[in-house]
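Novice: Just so you know, full-length UniProt numbering puts 164 at position 164 of the sequence shown, and the rest follows in order with no gaps.
Misleading hints may appear alongside valid ones.
As the list claims (entries may be wrong) - With a straight-line cut-off of 27 angstroms between C-alpha atoms, the simulated BS3-like cross-links for lysine-lysine are:
1) K108 x K163
2) K48 x K243
3) K30 x K10
4) K228 x K108
5) K228 x K46
6) K108 x K30
Honestly, the hints are just simulated from the structure, not real lab data.
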Amino acid sequence: MQTIARAGNKLAYRFTPGIGPGLVFLGGFKSDMQGTKAVALEDWAKRKGRAFLRLDYSGHGESGGAFADGCIGDWYQDALAVIEAVTEGPQVLVGSSMGGWIALLIAKERPERVAGLVTIAAAPDFTEDGFWRDFNDAQRAEVMEQGQTLLPSDYGEPYVITKRLIEEGRARLVLRDPLPLPFPVRMVQGTDDASVTTTTALRLLSHVTCDDIRLTLVRGSDHRFSEKDDLELIRRSVVDVLKRLPD
Numbered sequence: 001m002q003t004i005a006r007a008g009n010k011l012a013y014r015f016t017p018g019i020g021p022g023l024v025f026l027g028g029f030k031s032d033m034q035g036t037k038a039v040a041l042e043d044w045a046k047r048k049g050r051a052f053l054r055l056d057y058s059g060h061g062e063s064g065g066a067f068a069d070g071c072i073g074d075w076y077q078d079a080l081a082v083i084e085a086v087t088e089g090p091q092v093l094v095g096s097s098m099g100g101w102i103a104l105l106i107a108k109e110r111p112e113r114v115a116g117l118v119t120i121a122a123a124p125d126f127t128e129d130g131f132w133r134d135f136n137d138a139q140r141a142e143v144m145e146q147g148q149t150l151l152p153s154d155y156g157e158p159y160v161i162t163k164r165l166i167e168e169g170r171a172r173l174v175l176r177d178p179l180p181l182p183f184p185v186r187m188v189q190g191t192d193d194a195s196v197t198t199t200t201a202l203r204l205l206s207h208v209t210c211d212d213i214r215l216t217l218v219r220g221s222d223h224r225f226s227e228k229d230d231l232e233l234i235r236r237s238v239v240d241v242l243k244r245l246p247d
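All chains should be built: construct the whole structure from the sequences, respecting the hints.
Specialist: And the structure:
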């Protein structure tokens, strides 16, 4: 494990040197860099001699900080700090779920650092269009008056959804304003995903401005998107993006 410091936290990452453009895997909400998709893609990159970076945002995995203290802006800044510290030039970002939102923020704010983009069940604006939209009146009151609420999770202990997460997320929304993506983009999405539906994928596809973008829907795949065929589709999507980059 390697680390850098940002905002009082140690950010953990693993970087494998190789040819560029390198790949950067950006994980999801409360996930970590040890997940199946990140490790499988790293293994492939090593075999191909391609540079690869995976990382943990603050409050996630092996990085310092408390999860409940974080927000989208913090995790975006964490990812950007590690990318700028350990990589050179434009990278191909691979964003899973929340990582797709973070990748889109990097593309919006630092497009010169992005060579291409692959999203896996991307979840842009989910704090507003998912959590806040679906909260009932009692949950909204609890967030605003007590500072947080708890949501059940299919992946372990409940999610702590804080007032700061909701309010700060409103400054990071990417589906309300024009979003140019001047590089190859490949999106993959499972039709049985209960966390991020195909509606979100289609909304993102229609919203962005991009001359080279494709969305692949996989019948029966869920939010984990970690079965053998799913992992192979992720690899093929990365290869397709790499093939379309200028020499």
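Novice: Against each hint, give a clear statement of whether it holds in the structure.
Specialist: Outcome of the hint check:
no.	hint	result
1	K108 x K163	25 angstroms, holds
2	K48 x K243	14 angstroms, holds
3	K30 x K10	17 angstroms, holds
4	K228 x K108	32 angstroms, violated
5	K228 x K46	18 angstroms, holds
6	K108 x K30	23 angstroms, holds
In summary, the structure is inconsistent with hint 4 from the numbered list given earlier, while agreeing with all the others.
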